[in-house]
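Please construct the entire structure, taking both the sequences and the accompanying hints into account.
Numbering (this note's numbering), first residue to last: 254 to 409.
Keep in mind that the hints are not guaranteed to be accurate.
[What the hints assert, rightly or not] Restraint ranges, calculated between C-beta atoms of paired labels, are given here:
1) E335 <-> L285: 20 to 28 Å
2) T313 <-> P336: 13 to 21 Å
3) V329 <-> R408: 36 to 44 Å
Read the hints as simulated data drawn from the structure, not as lab findings.
All figures in this text were calculated on a predicted structure; none of them were measured in a lab.
We put the beta carbon where it would ideally sit given N, CA and C, even for glycine.
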Amino acid sequence: LAIAHEVRGATVRGTDISPAAIRLARANAASLGLANATFHRGDLFAPLSAELRGRVDVVTVHPPYVPLPELDELPVEVRGFEPEDALTDRSADGLGLLERTAEEAPDWLRPGGWLLVEVSPDQARAVRSRLIRSGFRDVRSMRGWPHISRVVVGRA
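Structure follows, in structure tokens:
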């Protein structure tokens, strides 16, 4: 939604496996008057038109990245607010969906297109390595407050 709001000329497509998340995104887009954003229920790139393959400028991903063994250690205000599917992909290291994203995103991005992935600071190094193995260039971490790695970016 932030990209659709800030870059009014952009065509934004969002995907999520959660029907509730899709309903909320559509409601938020409508309340903000964002006609340039559409939302589709499905897993990663699966609900998108095949015509988009190789034509996407930017892919942003806010995946569930909490390792399954750490789920019970999250503060109750997080566990009690967020659905479990939004927190963990149920993998031991929390990188299951990130691995799939690194594998599939190059097929969708145009040459020179960017992938931006939100990560746990503890996972930034592993995600950078994975993007490099998938052929991404200019891979680096972007620091958020308080100066910790929160987003890993790479160029196709």
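### Message
Checking each numbered hint in turn, tell me which of them this model violates, lowest number first.
### Response
none
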